[in-house]
Amino acid sequence: MEVYCLLLILIGFSSAAEEFYSSIDQMTELLHTEKELLASLNYYIQAEEAKLEVVKSWAQTLADHSAFASQDPKRFLGHPVNAFKLLKRLNKDWRDLENVVSTNLFGAFISKLEAGRENFPNENDQKGAAEALLRLQDTYELDTDTLANGKLPGSSQLRTNLTVDDCYDLGIMAYTKDDFYHTVLWMSQAFRQMERGESPQLVKPAKILDYLSYSYWKQGDLEHALEFTNKLLEIDPGHERANQSRTYYVFHLEKQKLGKEPLQTPKMERDNYNGVYERLCRGDSVELTPLRRSGLFCRYHDNHGHPNLLIGPVKEEDVWDEPYIIRYHDVVSEQDMEIIKEWAKPELKRSKVNGKRENESVVSHNRVSQNAWMNDDHVVITKLSKRVGDITGMDMSTSEKMQVVNYGVGGQYDPHFDFKGDEIEVPNSKLGRGKRIATWLFYISEVEAGGNTVFPKLGAIVEPIKGSAVLWYNLLLNGKGDYRTQHAACPVLVGSKWVANWWFHERGQEFRRPCGLEKSS
Numbered sequence: 007m008e009v010y011c012l013l014l015i016l017i018g019f020s021s022a023a024e025e026f027y028s029s030i031d032q033m034t035e036l037l038h039t040e041k042e043l044l045a046s047l048n049y050y051i052q053a054e055e056a057k058l059e060v061v062k063s064w065a066q067t068l069a070d071h072s073a074f075a076s077q078d079p080k081r082f083l084g085h086p087v088n089a090f091k092l093l094k095r096l097n098k099d100w101r102d103l104e105n106v107v108s109t110n111l112f113g114a115f116i117s118k119l120e121a122g123r124e125n126f127p128n129e130n131d132q133k134g135a136a137e138a139l140l141r142l143q144d145t146y147e148l149d150t151d152t153l154a155n156g157k158l159p160g161s162s163q164l165r166t167n168l169t170v171d172d173c174y175d176l177g178i179m180a181y182t183k184d185d186f187y188h189t190v191l192w193m194s195q196a197f198r199q200m201e202r203g204e205s206p207q208l209v210k211p212a213k214i215l216d217y218l219s220y221s222y223w224k225q226g227d228l229e230h231a232l233e234f235t236n237k238l239l240e241i242d243p244g245h246e247r248a249n250q251s252r253t254y255y256v257f258h259l260e261k262q263k264l265g266k267e268p269l270q271t272p273k274m275e276r277d278n279y280n281g282v283y284e285r286l287c288r289g290d291s292v293e294l295t296p297l298r299r300s301g302l303f304c305r306y307h308d309n310h311g312h313p314n315l316l317i318g319p320v321k322e323e324d325v326w327d328e329p330y331i332i333r334y335h336d337v338v339s340e341q342d343m344e345i346i347k348e349w350a351k352p353e354l355k356r357s358k359v360n361g362k363r364e365n366e367s368v369v370s371h372n373r374v375s376q377n378a379w380m381n382d383d384h385v386v387i388t389k390l391s392k393r394v395g396d397i398t399g400m401d402m403s404t405s406e407k408m409q410v411v412n413y414g415v416g417g418q419y420d421p422h423f424d425f426k427g428d429e430i431e432v433p434n435s436k437l438g439r440g441k442r443i444a445t446w447l448f449y450i451s452e453v454e455a456g457g458n459t460v461f462p463k464l465g466a467i468v469e470p471i472k473g474s475a476v477l478w479y480n481l482l483l484n485g486k487g488d489y490r491t492q493h494a495a496c497p498v499l500v501g502s503k504w505v506a507n508w509w510f511h512e513r514g515q516e517f518r519r520p521c522g523l524e525k526s527s
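Each residue of the sequence shown is one higher than the one before, starting from 7 at the first, in my numbering.
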């Protein structure tokens, strides 16, 4: 654009220059023209230098990130802030950089950037990562400073910071959803970081204050709305909306002080708060009574002398007494876990949940993960299937295929049941095997923080210990669903969580887990 303006000035100069040399006065006017031309040239040079500095700064930042991340990519991306920033860079920041350099002679770079964009994350990816950070913040009661500085458990070597622009983008994501609670939190964080001396690269301070004051007003906090409106007017005294808002806030606050208008209680709470589930995710379980705890044991288990377990019984631990939840330790080898993950990776697709209709599956924000269904024709799957059958005594021929799941940034699965409701007469009709009688869940990766399996109706917590597996029954002895087995996968705070599970069905288990003699059993 600057080059275009220069050309216009030069063209205008040449077309008007008919005979300047015959008049000093005319030549004097040329000095003014040259001065304007020089000012325009200097502006162009400064603009180009500024753009180059932005590009150099960006390249250095990216080089630092790349060098750090390449040492251990999986562990690096296991930190949710790193994952969010990667998705944000490829979806938004690279596009902003393109706008900066598009007027320069970097045609080859732009062509490569445009050609590769179809493989970049899109707006939904950035939005999803932002929502994950907010979910982690809420679930684990993290303040914005903790998240912005990357101070997460087990991640001291992975720490990375959110910039003012990053905090602003998180606030904007919340704002677009009318989530003014989180808008205030993240716009406030952006403003605090500016007060500490950090300069934003793209967003203007006045814009942050504008969103902050408005969001405080939407929360019913007129005092803070007025405070940040005044700060905005210090930066931009002519801001029309801020001046109007200030008059409005002063008027209503004065009326409240005089008792002519009821005082408003600011709504600084978030919606959709799930207290029990989130407390369990933070590790606050229900403490069993001494009598109940005395009935929980650890033992070596050989399934009543099963020939395949006599020499090598498995380590069995009682996790919960009623309903019975059991953990088996060291039941899958490191090698087998790696094979399962590598085999599943090409098949991973976005996980779905049951829809309103029978046999309907839909994508939902309640389940943030990707999963794959493993065929039994792989030697490792066949071996593990037989081992699980030996340990549990279940008939594996009627179980579903092994499902392998990898949780993403802040990956989770909200409280749910593995069986379908008793109101459905023929559950899993396409399988023809009856309800899911029990669940076997392998943990096949280390999770540095978060990712517990919790049972909100019980108050039970099962930590994701690599190489272990958990078993519980979803149905009562009378075949009805046991609604106490509602469970959830807590958001992964730091790390990458992999699990694999089998669901056993009623058919084939008639003589392995007989039904109760009483209807109410």
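There could be a bad hint or two in this list.
[What the hints assert, rightly or not] Restricting the straight-line Cα-Cα distance to at most 20 Å, the calculated cross-link-like pairs of lysine to any residue (SDA-like) are:
#1 LYS98 to HIS230
#2 LYS98 to THR166
#3 LYS91 to THR67
#4 LYS486 to GLY473
#5 LYS183 to ASN372
#6 LYS426 to SER370
#7 LYS389 to GLY318
#8 LYS91 to GLU204
#9 LYS355 to GLU366
#10 LYS80 to LYS347
#11 LYS392 to SER375
#12 LYS486 to ARG518
#13 LYS321 to SER300
#14 LYS347 to VAL209
#15 LYS183 to LYS224
#16 LYS321 to SER375
#17 LYS358 to GLY134
#18 LYS80 to ARG518
#19 LYS347 to LYS486
[Said to hold, decoys possible] Here are the in silico distance ranges between beta carbons for each label pair:
#20 LYS224 to GLY301: 27 to 33 Å
#21 LYS351 to ALA69: 47 to 53 Å
#22 SER403 to LEU483: 51 to 57 Å
#23 LYS261 to GLY361: 27 to 33 Å
#24 LYS224 to CYS521: 53 to 59 Å
I should point out that these hints are in silico values taken from the structure, not numbers from a laboratory.
This one's a predicted model, so the numbers in the text were calculated from it and none came from an experiment.
Every residue, glycine too, gets a C-beta built ideally from N, C-alpha and C.
- Query: Of the hints given before, which are not true for this structure?
  - Reply: 1, 4, 11, 14, 16, 18, 19, 20, 21, 22, 23
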